Amino acid sequence: DAGVTQSPTHLIKTRGQQVTLRCSPKSGHDTVSWYQQALGQGPQFIFQYYEEEERQRGNFPDRFSGHQFPNYSSELNVNALLLGDSALYLCASSITSPKETQYFGPGTRLLVL
Amino acid sequence: DAKTTQPPSMDCAEGRAANLPCNHSTISGNEYVYWYRQIHSQGPQYIIHGLKNNETNEMASLIITEDRKSSTLILPHATLRDTAVYYCIVRPVNSGNTPLVFGKGTRLSVIA
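Line by line, the protein sequences give chains A and B. One point on numbering: in the numbering used here, the residue at position 10 of the first sequence is 10, and numbering is uninterrupted. One point on numbering: in the numbering used here, the residue at position 52 of the second sequence is 52, and numbering is uninterrupted.
It is worth saying that the hints were derived from the structure and are not from the lab. Keep in mind the model is a prediction, meaning the values are calculated, not measured. Wrong hints could be hidden among the right ones.
To be verified - These stretches of chain B come out as covered by chain A in the derived footprint (C-beta under 8 Å, 3 or more residues):
1) 37 to 48
2) 100 to 109
Claimed, not checked - Quick list of the computed label-pair ranges, beta carbon to beta carbon:
3) A:Asp62 / B:Gln42: 26 to 32 Å
4) B:Asn53 / A:His10: 40 to 46 Å
5) B:Asp11 / A:Arg63: 36 to 42 Å
The beta carbon of each residue, even a glycine, is placed where N, CA and C say it ideally should be.
Kindly generate the complete structure, drawing on both the sequences and the hints.
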């Protein structure tokens with residue numbers, strides 16, 4: 001049973017560019033959440049997708065957007081990259097069940113120069 | 001903001017039990033205590049969760065005080081591979097998709 005997968009593993013961009021990160025959820029999961037983890041900090045919630053719609057959003061600007069596809073996979077897009085966007089981006093999947101928790105992928109390390 | 005308080009770091013000798021404390025004095029009756037860990041540069045890994053009873057699985061034991069204001073995660077025989085940052089998280093019951101709110105966690109170093 002494949003767990004949560006993310007691509008790419010590492011990425012280097014320059015300020016002002018745009019980036020797309022991808023996530024495939026754990027088999028049987030229908031919900032994808034994205035988190036940003038700056039160096040030395042705990043992960044911070046960006047947003048969550050369920051049924052191809054953004055259901056919840058954390059305190060992140062509109063430069064951060066996403067998408068969920070019919071197969072439940074998801075993309076995170078960041079426009080107009082800033083140096084401060086350098087972080088580990090984590091995807092977590094879950095199912096819509098009261099007793100379930102979220103399972104994380106390995107993350108994508110983004111460096112903005 | 002995270003509703004939990006954890007020590008920033010702890011050391012443990014290999015083979016000994018690692019006891020990681022967490023304070024959650026404002027926890028409400030409908031909130032679970034969850035534990036995740038994050039090994040360097042990897043995604044967080046779910047360990048265990050509990051409501052009010054002590055819980056045990058193949059990875060760890062979770063001891064929750066009777067007043068539920070604090071808990072302890074116990075790794076019975078720590079190995080070098082248990083070196084990681086451990087996060088204690090409070091989360092509502094019936095909240096499968098509620099976002100996790102992480103603090104800074106406890107950095108556990110297991111020493112040979």
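TODO: List, from low to high, the hint numbers that the structure doesn't satisfy.
DONE: none
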